[in-house]
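Engineer: Residue strings, one per chain:
There are 4 protein chains.
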Amino acid sequence: MMAPAGSKKNILQRLDAGEIIIGDGGFVFALEKRGYVKAGPWTPEAAAEHREAVRQLHREFLRAGSNVMQAFTFYASDDKLENKYFEHVEEAEWAVQVLKTTNKPVAATLCIGPEGDLNGVSPGECAVRLVKAGAQIVGVNSHFDPMTCVKTVKMMKEAVTKARLKAHFMIQPLAYHTPDCNRQGFIDLPEFPFSLEPRTLTRWDMHRYAREAYNAGIRYIGGCCGFEPYHIRALSEELAPERGFLPAASEKHGNWGSGLEMHTKPWVRARARRDYWENLKPASGQPLCPSMSTPDGWGITKGHVDLMQQKEATSQLQLKALFEKAKSSH
Amino acid sequence: MMAPAGSKKNILQRLDAGEIIIGDGGFVFALEKRGYVKAGPWTPEAAAEHREAVRQLHREFLRAGSNVMQAFTFYASDDKLENKYFEHVEEAEWAVQVLKTTNKPVAATLCIGPEGDLNGVSPGECAVRLVKAGAQIVGVNSHFDPMTCVKTVKMMKEAVTKARLKAHFMIQPLAYHTPDCNRQGFIDLPEFPFSLEPRTLTRWDMHRYAREAYNAGIRYIGGCCGFEPYHIRALSEELAPERGFLPAASEKHGNWGSGLEMHTKPWVRARARRDYWENLKPASGQPLCPSMSTPDGWGITKGHVDLMQQKEATSQLQLKALFEKAKSSH
Amino acid sequence: MMAPAGSKKNILQRLDAGEIIIGDGGFVFALEKRGYVKAGPWTPEAAAEHREAVRQLHREFLRAGSNVMQAFTFYASDDKLENKYFEHVEEAEWAVQVLKTTNKPVAATLCIGPEGDLNGVSPGECAVRLVKAGAQIVGVNSHFDPMTCVKTVKMMKEAVTKARLKAHFMIQPLAYHTPDCNRQGFIDLPEFPFSLEPRTLTRWDMHRYAREAYNAGIRYIGGCCGFEPYHIRALSEELAPERGFLPAASEKHGNWGSGLEMHTKPWVRARARRDYWENLKPASGQPLCPSMSTPDGWGITKGHVDLMQQKEATSQLQLKALFEKAKSSH
Amino acid sequence: MMAPAGSKKNILQRLDAGEIIIGDGGFVFALEKRGYVKAGPWTPEAAAEHREAVRQLHREFLRAGSNVMQAFTFYASDDKLENKYFEHVEEAEWAVQVLKTTNKPVAATLCIGPEGDLNGVSPGECAVRLVKAGAQIVGVNSHFDPMTCVKTVKMMKEAVTKARLKAHFMIQPLAYHTPDCNRQGFIDLPEFPFSLEPRTLTRWDMHRYAREAYNAGIRYIGGCCGFEPYHIRALSEELAPERGFLPAASEKHGNWGSGLEMHTKPWVRARARRDYWENLKPASGQPLCPSMSTPDGWGITKGHVDLMQQKEATSQLQLKALFEKAKSSH
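Chains as they are written, first to last, in our numbering: chain B, 199 to 528; chain H, 199 to 528; chain C, 199 to 528; chain Y, 199 to 528.
Among the clues, some could well be false.
Computed Cβ-Cβ distance ranges for the label pairs, DEER-style [said to hold, decoys possible]:
1. H:G442 with B:E440: 52 to 62 Å
2. B:E476 with H:G442: 42 to 52 Å
3. B:E476 with C:G495: 12 to 22 Å
4. Y:P439 with C:T299: 12 to 22 Å
5. H:G495 with B:E476: 18 to 28 Å
6. H:V266 with B:N453: 29 to 39 Å
7. B:N453 with C:N413: 52 to 62 Å
8. C:R253 with Y:A446: 38 to 48 Å
9. C:G495 with B:N453: 27 to 37 Å
Since the hints were derived computationally from the structure, they do not count as laboratory data. Even for Gly, the Cβ is constructed at its ideal location relative to N, Cα and C.
Take the sequences, apply the hints, and build the full model.
Structural biologist: What follows is the structure, given as structure tokens:
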């Protein structure tokens with residue numbers, strides 16, 4: 199039961215035919231950990247400088263069951279509109295403008311949670327506007343964890359249905375737990391971007407996510423920052439019955455831990471079963487750390503002068519003021 | 199300040215000359231996540247089947263500042279003795295036998311913590327025996343987190359010095375927090391091996407580890423399961439002043455988060471400083487999870503029939519008995 | 199600056215005059231811990247059987263700054279309406295009926311949170327109905343922690359103001375943290391009622407609560423289950439500037455920990471300051487425990503046969519079925 | 199099965215006869231919460247000023263099953279030696295001196311943990327010295343949690359037995375979890391003394407403690423700071439089979455939660471069973487708090503000038519220096 203030879207259908211034809219599309223993972227975060235992307239600028243020059251590293255990561259996601267190869271062009275702005283879809287937008291209005299001016303994108307996803315976009319437009323209303331502007335696939339990406347994102351796309355789907363419109367739905371959440379995020383998502387968490395490790399989802403969390411997303415009627419199911427190949431493989435394995443095949447990488451993965459059946463220690467062998475991993479509440483091993491954080495934000499809202507795009511590195515003087523403020527708020 | 203062209207000195211000559219050796223990371227765990235190694239058997243057939251994937255991981259560790267390329271031959275038993283060092287042994291006595299029968303290894307590391315080996319021999323005594331049997335580099339690897347391993351190697355160093363012997367010291371810990379482990383290490387943790395994510399060390403934890411290991415007089419400083427290239431880069435960055443150069447991958451890494459200085463949000467810019475990351479206690483985002491676990495073990499000790507190497511997969515009957523026992527113990 | 203000799207004004211006259219009323223604490227829980235009330239029935243026979251124990255607790259609350267002595271008649275149903283106010287009701291409609299049939303109560307508080315009463319009536323609407331039915335003081339008691347209760351009473355106040363009605367506002371929350379409660383409150387928490395200890399608020403949490411409640415315009419500020427005399431004293435101390443006097447029990451309490459100034463150890467003396475206690479995040483010392491729980495509830499809603507008042511103790515047969523169900527849900 | 203009419207035997211005669219003595223709880227902490235003792239000085243003037251409050255607490259402990267009434271004279275130094283036993287000493291040597299100079303005490307307990315006294319004398323050696331100096335009952339009190347204290351007394355018992363001496367053993371631990379304490383105990387925890395609430399043991403923790411202490415051969419089993427009457431009742435209930443009677447306060451307490459059998463909600467009724475409470479890991483409801491703390495101590499050891507008994511309140515100048523130091527260490 200391995201993946202069939204690549205069909206020639208495009209993404210819309212596949213979705214129209216009822217197929218499940220498994221997306222890929224978070225390129226900038228994965229390549230940052232491998233040493234090819236710089237956190238902060240997050241620019242994709244590795245695509246030119248270190249082709250083999252980028253190619254290898256693509257290979258791993260495909261092997262994990264991904265049906266798509268998203269061009270690694272994040273933050274390479276001018277090119278963005280040439281793609282068949284775009285993402286990383288926090289305001290529905292701006293997305294609508296792009297959709298109207300170009301005819302290129304068929305899919306549009308927003309970086310929003312259940313509370314809606316930066317202007318307070320609800321997820322449902324956002325989705326309706328995007329569909330009316332021509333998007334055939336709508337959904338959300340990044341900023342929140344899988345369960346929060348499923349909840350948001352559900353709200354979108356309900357509104358689109360109620361408006362008697364038609365669309366496919368798409369989801370690409372973080373691989374980090376974010377129950378403590380406010381409206382603006384994981385960027386405001388004190389751990390962003392260099393201490394997010396303890397929030398990482400396990401492969402079993404991914405099974406749950408894939409099932410929830412599927413049950414919600416979402417058919418493009420992928421990932422964003424934090425997703426590694428084994429996370430995508432877990433999505434593929436959970437939905438193998440529906441898709442009819444396992445991904446190539448499953449040749450190196452026992453179903454629900456079955457690879458442990460030959461382990462020497464009986465108590466490790468006893469972990470070779472689904473209900474063990476499904477019910478385990480994994481410990482952090484970090485008893486000096488809390489389980490939730492208070493997101494930053496300093497009460498500043500959109501339009502404030504502090505939020506203007508910096509043209510150059512923060513000056514020493516600016517930094518000093520920020521550090522003082524930061525210290526007093528922690 | 200980049201790495202000098204590779205010198206021709208071997209590992210002992212380098213250590214004798216006072217150089218710091220940065221090791222590489224955990225191949226089996228990293229390749230398992232990339233889809234090329236199967237958890238359970240943990241065998242290294244990827245070295246033959248997927249050479250490009252293995253080569254790419256080597257490339258990343260070298261780029262992160264590693265001075266060595268450990269042959270990816272874990273659990274490929276017969277070949278093991280051909281290497282210049284061996285590891286993954288839990289009893290000093292067995293290691294001593296190997297050292298006496300072959301003349302090959304120069305380095306010997308044990309999988310032990312501060313409580314000593316499986317026979318209750320203390321770390322200090324273990325080290326003394328290994329050195330007397332011919333090992334020129336001794337230390338520990340896997341099974342425990344960095345700080346626990348530093349503590350163990352310190353005990354080894356004290357005993358070797360007290361016995362008026364001479365050796366170099368080596369360390370390759372896990373990249374997982376394990377304060378709750380008993381003598382047998384992380385394998386007995388309920389989270390092993392598929393739900394260890396929340397225990398993962400950040401790059402800043404790695405800075406602390408590198409400094410502690412260096413201060414303890416350890417000069418071969420590497421990693422084991424859980425170490426990704428960015429963890430090794432952090433070791434290289436912490437010890438850049440002593441080594442005199444930064445690793446290649448640091449071109450994509452701002453020192454202590456300095457890459458965030460140009461971020462739009464002032465509160466994210468304010469994270470571009472060392473004391474922010476050093477003092478942050480990262481949250482797990484998982485409020486239903488505890489911070490520590492009770493290791494398994496079921497009170498069974500060495501020699502018990504349950505601990506014999508399985509020749510074939512556990513039978514359904516055996517598994518049923520184990521699952522019953524497991525359920526009642528959680 | 200001690201409490202003035204008791205004035206003769208009644209509660210309404212005091213509130214009309216702008217005074218702050220400090221309530222008392224949770225009698226049944228406090229007396230359960232002292233050995234005089236049985237958890238489960240929670241009946242107040244101690245008022246007859248152990249008068250001295252009850253009298254002593256009253257004394258302590260008065261000494262802590264309480265202006266009132268609530269009759270210890272919880273669950274002594276027939277007498278309830280004779281009191282000047284009633285509480286422990288989860289439906290606004292029933293409270294309205296009582297207010298209409300009797301002329302006795304001047305105050306009515308509901309056991310509800312921000313999601314409203316058992317019939318889904320919002321806190322604002324509940325408050326408006328109660329005021330229209332004659333209540334002069336409205337608010338909430340029990341079931342949720344202080345901050346959740348302040349939020350609920352704020353919603354009540356807004357609605358009453360919007361409806362151009364007038365009322366005083368009253369609050370009597372739990373002394374337990376309940377961020378994980380669903381609509382039905384702390385009874386559904388797995389820890390209720392015998393393992394709530396780790397959720398107990400400190401005296402400093404009480405300072406914050408008193409200030410928030412005062413700022414929200416609430417003038418009857420008290421407590422419910424979990425409140426001990428020192429919690430009430432903390433309310434009195436926080437509001438001493440506004441009330442103009444400290445409670446008698448403050449003779450045994452240094453302001454913000456100032457009693458530690460003479461301690462032998464300098465690091466303990468250094469805790470004699472407000473910002474230390476205000477910013478401390480106290481540890482639980484229980485690393486095997488999570489920080490939040492999943493409330494019970496089993497999906498059963500109001501009216502279900504399982505929720506009928508039991509006339510006699512659950513039979514062994516009934517219990518067996520419940521235990522099976524309970525085991526499978528944890 | 200109620201307590202027999204008070205026998206006339208003294209404590210030694212009872213212990214010699216094989217009886218179990220249940221101690222009482224922590225007077226200064228309990229009375230501090232009730233408003234009669236000041237934290238910091240911790241002096242017992244309430245015994246004169248508020249006799250009824252002190253008498254009531256004695257009544258509650260007796261009702262909970264306590265066989266003894268310890269005189270409420272903590273920190274009333276001159277009188278201390280008049281008692282039949284003394285406690286709150288952190289050095290064996292000093293205790294030995296007292297035992298030799300006076301003939302009064304029959305029992306001597308030290309404030310130590312498994313690491314021994316302030317001079318590094320092991321618990322075993324401490325016990326042997328005390329017995330040799332005339333103590334007939336030896337043990338530990340305060341500073342650590344029950345399980346740590348049981349471990350310490352076990353070490354004492356082993357050493358006394360090995361030295362072919364005879365003694366009875368006594369234990370009076372804290373009612374707070376202290377896994378993170380260093381040698382000096384809970385005073386160095388950042389939460390001492392005003393934010394210890396989340397560390398409080400439940401009644402079920404007390405059952406476990408009573409059983410462990412009994413199994414370790416300890417026959418005087420009591421409590422110290424944090425113990426409330428219901429904690430003592432739990433000790434009495436756990437050991438009711440061995441003692442042959444339940445305490446008076448058990449008339450208000452269903453065995454292992456059986457009082458919940460009549461509750462309306464089935465999921466609360468399902469909590470009326472021993473294995474529910476024994477296995478529950480109670481949540482703190484405080485997701486911003488860690489599970490363990492780093493004890494203070496600032497690296498200062500015995501004899502340092504900073505540790506001299508203060509004659510007067512710390513001056514503003516001294517405090518300022520301490521606060522600066524404290525801020526930089528957190």
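Engineer: If a hint holds in the structure, say so; if it doesn't, say that too.
Structural biologist: Hints versus structure:
The supplied range of 52 to 62 Å is met by G442 of chain H and E440 of chain B, whose beta-carbon atoms lie about 56 Å from each other. Distance hint check: the CB atoms of E476 of chain B and G442 of chain H are about 51 Å apart, consistent with the given range 42 to 52 Å. In this structure, E476 of chain B and G495 of chain C meet the distance hint of 12 to 22 Å, their C-beta atoms being roughly 21 Å apart. A C-beta distance of roughly 52 Å is found between P439 of chain Y and T299 of chain C, which places it outside the suggested range of 12 to 22 Å.
Judged by the Cβ atoms, the range 18 to 28 Å given for G495 of chain H and E476 of chain B holds: they are separated by roughly 23 Å. Taking the beta carbon of each, V266 of chain H and N453 of chain B are about 36 Å apart, inside 29 to 39 Å as hinted. Checked against the hint of 52 to 62 Å, the pair N453 of chain B and N413 of chain C passes, with Cβ atoms roughly 57 Å apart. Distance hint check for R253 of chain C and A446 of chain Y: the Cβ-Cβ separation is about 19 Å, which falls outside the suggested range of 38 to 48 Å.
Look at G495 of chain C against N453 of chain B: about 33 Å separates their beta carbons, and that is inside 27 to 37 Å.
Going through the hint list in order, the structure does not satisfy hints 4, 8.
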